[in-house]
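2 protein chains.
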Amino acid sequence: MTDLKNYIETHKELFIEDLFTLLRIQSVSSKSENKPDMLKCAERWKELLFEAGCDLAELHTTNGAPVVYGEKIISNNAPTILVYGHYDVMPVEPLELWKTPPFEPTIMDERIYCRGANDDKGQAFMHAKAFEYMLKTNQLKCNLKFMIEGEEEVGSKNLYLFCEANKEKLNADVIVVSDTSMIATDTPSITVGLRGLTYLEVEITGPNRDLHSGLFGGAVANPINILCKMVASITDEKNRITIPNFYDDVLSVSKEERALMAKAPFDEKEYRKAIDVDELCGEEGFTPMEHVGIRPSFDLCGIWGGYTGEGTKTVLPSKAFAKLSMRIVPNQDPDKIAQLFKKHFESIAPKCVKVKVTPHHGGNAYVSPIDMPAYKAAEEAFQETYGKKPIPTRSGGSIPIIAGFDKILNTKSLLIGFGLEADAIHSPNESYRLDHLFKGIETIAWFYKYFGEKK
Amino acid sequence: MTDLKNYIETHKELFIEDLFTLLRIQSVSSKSENKPDMLKCAERWKELLFEAGCDLAELHTTNGAPVVYGEKIISNNAPTILVYGHYDVMPVEPLELWKTPPFEPTIMDERIYCRGANDDKGQAFMHAKAFEYMLKTNQLKCNLKFMIEGEEEVGSKNLYLFCEANKEKLNADVIVVSDTSMIATDTPSITVGLRGLTYLEVEITGPNRDLHSGLFGGAVANPINILCKMVASITDEKNRITIPNFYDDVLSVSKEERALMAKAPFDEKEYRKAIDVDELCGEEGFTPMEHVGIRPSFDLCGIWGGYTGEGTKTVLPSKAFAKLSMRIVPNQDPDKIAQLFKKHFESIAPKCVKVKVTPHHGGNAYVSPIDMPAYKAAEEAFQETYGKKPIPTRSGGSIPIIAGFDKILNTKSLLIGFGLEADAIHSPNESYRLDHLFKGIETIAWFYKYFGEKK
Numbered sequence: 001m002t003d004l005k006n007y008i009e010t011h012k013e014l015f016i017e018d019l020f021t022l023l024r025i026q027s028v029s030s031k032s033e034n035k036p037d038m039l040k041c042a043e044r045w046k047e048l049l050f051e052a053g054c055d056l057a058e059l060h061t062t063n064g065a066p067v068v069y070g071e072k073i074i075s076n077n078a079p080t081i082l083v084y085g086h087y088d089v090m091p092v093e094p095l096e097l098w099k100t101p102p103f104e105p106t107i108m109d110e111r112i113y114c115r116g117a118n119d120d121k122g123q124a125f126m127h128a129k130a131f132e133y134m135l136k137t138n139q140l141k142c143n144l145k146f147m148i149e150g151e152e153e154v155g156s157k158n159l160y161l162f163c164e165a166n167k168e169k170l171n172a173d174v175i176v177v178s179d180t181s182m183i184a185t186d187t188p189s190i191t192v193g194l195r196g197l198t199y200l201e202v203e204i205t206g207p208n209r210d211l212h213s214g215l216f217g218g219a220v221a222n223p224i225n226i227l228c229k230m231v232a233s234i235t236d237e238k239n240r241i242t243i244p245n246f247y248d249d250v251l252s253v254s255k256e257e258r259a260l261m262a263k264a265p266f267d268e269k270e271y272r273k274a275i276d277v278d279e280l281c282g283e284e285g286f287t288p289m290e291h292v293g294i295r296p297s298f299d300l301c302g303i304w305g306g307y308t309g310e311g312t313k314t315v316l317p318s319k320a321f322a323k324l325s326m327r328i329v330p331n332q333d334p335d336k337i338a339q340l341f342k343k344h345f346e347s348i349a350p351k352c353v354k355v356k357v358t359p360h361h362g363g364n365a366y367v368s369p370i371d372m373p374a375y376k377a378a379e380e381a382f383q384e385t386y387g388k389k390p391i392p393t394r395s396g397g398s399i400p401i402i403a404g405f406d407k408i409l410n411t412k413s414l415l416i417g418f419g420l421e422a423d424a425i426h427s428p429n430e431s432y433r434l435d436h437l438f439k440g441i442e443t444i445a446w447f448y449k450y451f452g453e454k455k
Numbered sequence: 001m002t003d004l005k006n007y008i009e010t011h012k013e014l015f016i017e018d019l020f021t022l023l024r025i026q027s028v029s030s031k032s033e034n035k036p037d038m039l040k041c042a043e044r045w046k047e048l049l050f051e052a053g054c055d056l057a058e059l060h061t062t063n064g065a066p067v068v069y070g071e072k073i074i075s076n077n078a079p080t081i082l083v084y085g086h087y088d089v090m091p092v093e094p095l096e097l098w099k100t101p102p103f104e105p106t107i108m109d110e111r112i113y114c115r116g117a118n119d120d121k122g123q124a125f126m127h128a129k130a131f132e133y134m135l136k137t138n139q140l141k142c143n144l145k146f147m148i149e150g151e152e153e154v155g156s157k158n159l160y161l162f163c164e165a166n167k168e169k170l171n172a173d174v175i176v177v178s179d180t181s182m183i184a185t186d187t188p189s190i191t192v193g194l195r196g197l198t199y200l201e202v203e204i205t206g207p208n209r210d211l212h213s214g215l216f217g218g219a220v221a222n223p224i225n226i227l228c229k230m231v232a233s234i235t236d237e238k239n240r241i242t243i244p245n246f247y248d249d250v251l252s253v254s255k256e257e258r259a260l261m262a263k264a265p266f267d268e269k270e271y272r273k274a275i276d277v278d279e280l281c282g283e284e285g286f287t288p289m290e291h292v293g294i295r296p297s298f299d300l301c302g303i304w305g306g307y308t309g310e311g312t313k314t315v316l317p318s319k320a321f322a323k324l325s326m327r328i329v330p331n332q333d334p335d336k337i338a339q340l341f342k343k344h345f346e347s348i349a350p351k352c353v354k355v356k357v358t359p360h361h362g363g364n365a366y367v368s369p370i371d372m373p374a375y376k377a378a379e380e381a382f383q384e385t386y387g388k389k390p391i392p393t394r395s396g397g398s399i400p401i402i403a404g405f406d407k408i409l410n411t412k413s414l415l416i417g418f419g420l421e422a423d424a425i426h427s428p429n430e431s432y433r434l435d436h437l438f439k440g441i442e443t444i445a446w447f448y449k450y451f452g453e454k455k
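Chains as they are written, first to last, in this note's numbering: chain A, 1 to 455; chain B, 1 to 455.
Hints may be right or wrong, so weigh each one.
The list treats identical chains as interchangeable, and a pair is accepted whether it falls inside one copy or across any two copies.
Unchecked claim - Derived lysine-lysine pairs resembling DSSO-like cross-links, with alpha carbons at most 27 Å apart:
{"no.": "1", "residue 1": "Lys412", "residue 2": "Lys273"}
{"no.": "2", "residue 1": "Lys273", "residue 2": "Lys229"}
{"no.": "3", "residue 1": "Lys229", "residue 2": "Lys343"}
{"no.": "4", "residue 1": "Lys255", "residue 2": "Lys35"}
{"no.": "5", "residue 1": "Lys40", "residue 2": "Lys454"}
{"no.": "6", "residue 1": "Lys354", "residue 2": "Lys5"}
{"no.": "7", "residue 1": "Lys376", "residue 2": "Lys136"}
{"no.": "8", "residue 1": "Lys407", "residue 2": "Lys35"}
{"no.": "9", "residue 1": "Lys169", "residue 2": "Lys342"}
{"no.": "10", "residue 1": "Lys273", "residue 2": "Lys238"}
{"no.": "11", "residue 1": "Lys229", "residue 2": "Lys351"}
{"no.": "12", "residue 1": "Lys336", "residue 2": "Lys229"}
{"no.": "13", "residue 1": "Lys238", "residue 2": "Lys343"}
{"no.": "14", "residue 1": "Lys273", "residue 2": "Lys351"}
{"no.": "15", "residue 1": "Lys99", "residue 2": "Lys354"}
{"no.": "16", "residue 1": "Lys99", "residue 2": "Lys412"}
{"no.": "17", "residue 1": "Lys354", "residue 2": "Lys269"}
{"no.": "18", "residue 1": "Lys354", "residue 2": "Lys229"}
{"no.": "19", "residue 1": "Lys351", "residue 2": "Lys336"}
{"no.": "20", "residue 1": "Lys273", "residue 2": "Lys356"}
{"no.": "21", "residue 1": "Lys454", "residue 2": "Lys412"}
{"no.": "22", "residue 1": "Lys356", "residue 2": "Lys269"}
{"no.": "23", "residue 1": "Lys407", "residue 2": "Lys273"}
Hint data in this document are derived by calculation from the structure and do not stem from the laboratory.
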């Protein structure tokens with residue numbers, strides 16, 4: 001592997017060019033208008049896999065976006081890695097906050113700015129290029145399978161079915177995913193825990209039409225007022241969730257594990273400064289890293305109702321809406337939580353309004369073992385490129401399908417991500433550092449090498 | 001006046017044609033893009049006043065929309081009526097709820113559907129035509145002045161200045177306004193009380209950019225969650241407003257007056273049915289008619305933040321916003337209330353967010369005397385056309401400038417409106433009944449006659 005650094009150095013321009021072809025495709029999975037872009041992006045991935053050296057690369061149609069599958073089988077006796085990634089991205093709104101066009105990759109300050117630059121086009125792309133290097137230089141000692149889906153940001157509904165139907169094809173010793181962050185640019189980490197997710201939408205209806213707020217205000221219930229009261233009551237003054245039985249299945253984390261977690265470098269002042277808030281605001285009795293790592297949360301992801309244009313309009317609106325997500329922790333079931341929320345939310349609605357609760361997608365939390373061979377191989381790989389051992393961390397984010405892999409394919413996942421919090425994934429001006437892109441390719445190549453030598 | 005009914009009957013088509021020329025102009029005062037339409041609408045009003053017989057009709061430029069002024073002076077000894085109306089209209093959003101194009105007047109079921117059909121193009125228009133009839137038939141025994149402004153829906157800021165600067169020109173015995181509703185189509189009423197208004201906008205800022213709700217949710221304050229908690233706390237479980245000192249200046253209404261109010265016909269079941277709500281929801285200890293007539297209210301007119309598009313987006317947004325109005329009652333000061341709100345709202349904000357409160361327009365409440373000559377003349381006029389005496393009522397709506405007239409011009413206002421609650425003013429599908437349009441012209445002509453004979 002002596003030529004690895006040199007290989008990356010000489011191929012940088014080509015890597016960027018290839019990645020940009022993916023980034024320019026507006027593959028927003030939650031918007032029906034982008035359906036043709038989903039197919040286009042899947043096709044581009046198929047080409048990339050062939051170009052990288054896969055013997056097989058194909059699209060599998062589903063009821064939603066197609067799944068890209070590719071493979072390079074070295075030997076039936078070699079260990080097998082299944083690389084999982086996704087080519088779909090989050091919506092780009094609010095558009096006015098982007099400094100560069102969201103789907104025109106732009107390099108500034110040694111970063112690629114574009115929706116998907118990190119999540120997950122940039123990160124999944126590193127695997128294609130690490131694989132290409134290993135194969136070209138005749139150093140690949142493991143089989144590689146790629147499964148790149150197009151519905152991760154909307155719950156991977158069809159990938160569950162695809163996995164059920166293709167257990168044999170997807171058979172592997174480990175699933176490797178680069179779709180998470182590391183602690184800091186010089187502090188590599190491996191994500192060993194992910195929160196799950198329950199996402200719902202609520203609609204409150206007051207009067208059957210918008211009313212004049214003067215003629216009716218004070219006598220007729222205002223659905224925005226009521227919606228605010230209802231969602232406000234979902235958390236209490238200790239920032240605990242008030243839904244009955246919500247915490248029933250939450251496993252308490254041992255003192256020992258909490259003490260270990262507390263050892264990860266965390267500077268609250270720096271953390272607050274980076275997002276410009278004077279105070280954090282989490283559940284009483286837990287640290288910020290515990291809030292996102294081991295505790296559930298309740299967030300309004302969107303709210304709207306009434307007049308939101310320029311100037312003023314005195315109106316008592318007919319309807320108000322909110323989109324909300326609950327991050328859940330290991331042992332909580334997303335469907336059960338959705339039902340608990342629905343039952344509770346309907347029960348607290350006053351009779352002066354009508355309530356509609358619509359569950360969107362959900363996913364289980366996941367905890368990854370740190371004693372499996374893949375974890376050890378990853379530790380060695382990071383040691384090669386960063387000169388230090390990665391820290392095992394728990395992320396607050398969710399990749400719902402990871403728990404599904406465990407259940408359906410009976411295969412554990414290894415989460416080696418190279419993002420940073422500053423990459424602003426899901427936000428305007430998402431970006432990915434060029435040095436992380438190249439160091440990621442380097443680390444992944446080392447990982448393939450060490451994993452090929454295990455088993 | 002024997003030919004009045006016949007005159008209206010034979011001129012119906014012409015009246016509708018003239019009114020439609022006003023309705024087609026998109027004079028939305030709160031939107032800067034509609035500025036050219038404001039001038040166009042003012043010009044059209046000037047023409048209408050000349051056509052009706054004014055000796056003078058002119059536009060007065062202001063820092064905002066122009067004021068249309070017209071007059072017909074019969075004699076310096078005759079009593080003088082100043083007709084006040086407005087040519088601006090409310091925004092038309094949400095557009096998708098309109099059954100007909102909002103600025104293309106359409107007659108269906110004996111109603112004119114259009115933004116402004118009632119409020120206030122249709123209602124102010126009746127005065128021009130009643131005046132035209134009186135003048136043409138040589139029966140006008142009072143002087144008439146017209147002042148039609150273009151900023152009523154945004155607080156009439158420039159009309160206050162116009163009044164200050166034109167006291168002599170606007171000198172009159174009474175100001176007459178048709179911009180309110182009557183109790184029912186066969187139950188005429190005169191509005192003797194109007195609530196005032198304080199309108200504000202609030203902005204809550206959490207982190208300096210949208211964050212991933214998984215990576216940060218639970219540790220970092222979500223501005224939508226916080227906004228909901230803050231506005232939810234503005235009213236208590238008795239639907240009373242919790243802002244300290246808010247009720248200090250509210251005059252309590254006597255048992256006698258409340259008993260009188262209770263005599264107005266009101267069928268709660270019908271009221272609820274018309275707007276399809278199972279329960280009303282007002283301040284404890286008061287009736288629905290009291291809620292809108294004599295008590296203040298707090299309404300969220302608009303709320304927005306985060307992702308509001310199709311499907312899902314897991315985001316912890318940077319900002320959340322709300323527009324809110326408080327209807328106030330006689331003796332409450334809109335600016336004082338705005339300051340009380342601002343102080344309180346800022347004081348309840350947790351340190352994890354930043355709060356910005358921006359007052360928009362406001363206006364005082366108004367109570368109209370029922371012993372003035374104009375009120376008596378109006379009673380007689382309604383008796384002529386409806387065969388019954390009008391009931392004095394208090395409306396929950398606000399016409400902020402009315403209190404200003406009292407203060408600046410030292411002139412009382414008479415509020416004779418011909419709208420119905422079903423006209424859906426400020427809402428999609430605003431409409432005005434054709435029979436109310438014509439009966440309104442008839443009643444106003446009688447009013448001019450009787451008022452000309454008073455003094």
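Hints the structure fails to honour: Going through the list in order, the structure violates hints 1, 4, 5, 6, 8, 9, 16, 23 and respects the others.
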